[in-house]
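Asks: Position 232 (the sequence shown) corresponds to 232 in the UniProt record's numbering; numbering is contiguous.
Be a bit skeptical, because a hint or two may be false.
[Stated by the list, open to error] Beta-carbon label-pair distances, calculated as ranges:
(1) Arg157 to Leu70: 38 to 44 Å
(2) Val74 to Pro112: 27 to 33 Å
(3) Ile257 to Arg159: 21 to 27 Å
Keep in mind that the hints were calculated from the coordinates and are not lab data. Note that this is a predicted model, so its numbers are computed, not measured. Just so it is clear, CB atoms sit at the ideal spot from N, CA and C, and this is done for glycine as well.
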Amino acid sequence: MFDDLVARVRAGALGPDPGTQHIAVAFTTRQAVRHAGRGTSYRNEVLSLRLAEAVGSCAVEPGELPDSALDDCVGADVARLLEHPLLPVRVAALDAYLMHVGPHTPENGARPIALPAGSSLEKSRARARSVVELLDLPAGATVLVVGVVNSLLEALRSRGLGYVPCDLKGGGTEWGEPVLGDALAAAGRCDALLVSGMTLGNGTFEPLREHALRHGKQLVMFAQTGSAVLPHFLGHGVSAVCAEPYPFFWLDGGPGIIHRYGAGGGGR
1 MFDDLVARVR
11 AGALGPDPGT
21 QHIAVAFTTR
31 QAVRHAGRGT
41 SYRNEVLSLR
51 LAEAVGSCAV
61 EPGELPDSAL
71 DDCVGADVAR
81 LLEHPLLPVR
91 VAALDAYLMH
101 VGPHTPENGA
111 RPIALPAGSS
121 LEKSRARARS
131 VVELLDLPAG
141 ATVLVVGVVN
151 SLLEALRSRG
161 LGYVPCDLKG
171 GGTEWGEPVL
181 GDALAAAGRC
191 DALLVSGMTL
201 GNGTFEPLRE
211 HALRHGKQLV
221 MFAQTGSAVL
231 PHFLGHGVSA
241 VCAEPYPFFW
251 LDGGPGIIHR
261 YGAGGGGR
């Protein structure tokens, strides 16, 4: 499905010839965070590409993106980058292109949600509530969470929902629960899926989408990676998307905006 979307872009089916669209700026954002009152810390790294007014992004494992990737992207046309050997580069380029031709606006099916100013933890919790509201589940249901964010787990707990936390890095949650490394193996015992857009960049998204489609389960995406890409999968396994384009909530203490798709709203 991802490859089909890339093929449509390359064919000019969604906008101008990507061979005529050039990336002006390529940059990475690296973050380490430990919210006040929390006992665990984590790191993020994100590749972002600027196309005209749009910024497309893809998270990567910290330290894994070679410096040469930025040089490959600057000045390159999108068509060329959609063939880049690194999947995160292809995802970021696709995201930038789709953000450029179809920004997050009500006309394109997006519903803006204001995030209030506040501390990193306050903003994380506000985003988490907006994401979890996209799940239509009774108390007692179990959610597969792929890409562990403790504020999301906290929001699920507040709604009386169980969860199975999964992340390729493994480890544990803020509450000492084990984090599983194989999300697909755990999906069968869950009623719905809550999945990070980062799965686009590490190649694990498609099996999860197929599982949700095959079993008729809700699949809600929370997307800093591929925020303009994932709304194109609504109705094709994805039931809702919380899209958060650059700059992300953790970069600034001021107010911000995220965009929700699906779950009774519109879509691409």
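Asks: Is the hinted range of 38 to 44 Å satisfied by the C-beta distance from Arg157 to Leu70?
Replies: holds (40 Å)
Asks: CB of Ile257 to CB of Arg159, is that within 21 to 27 Å?
Replies: holds (24 Å)
Asks: So does Val74 sit 27 to 33 Å from Pro112, Cβ to Cβ?
Replies: holds (31 Å)
The structure fails none of the hints (numbered hints given earlier).
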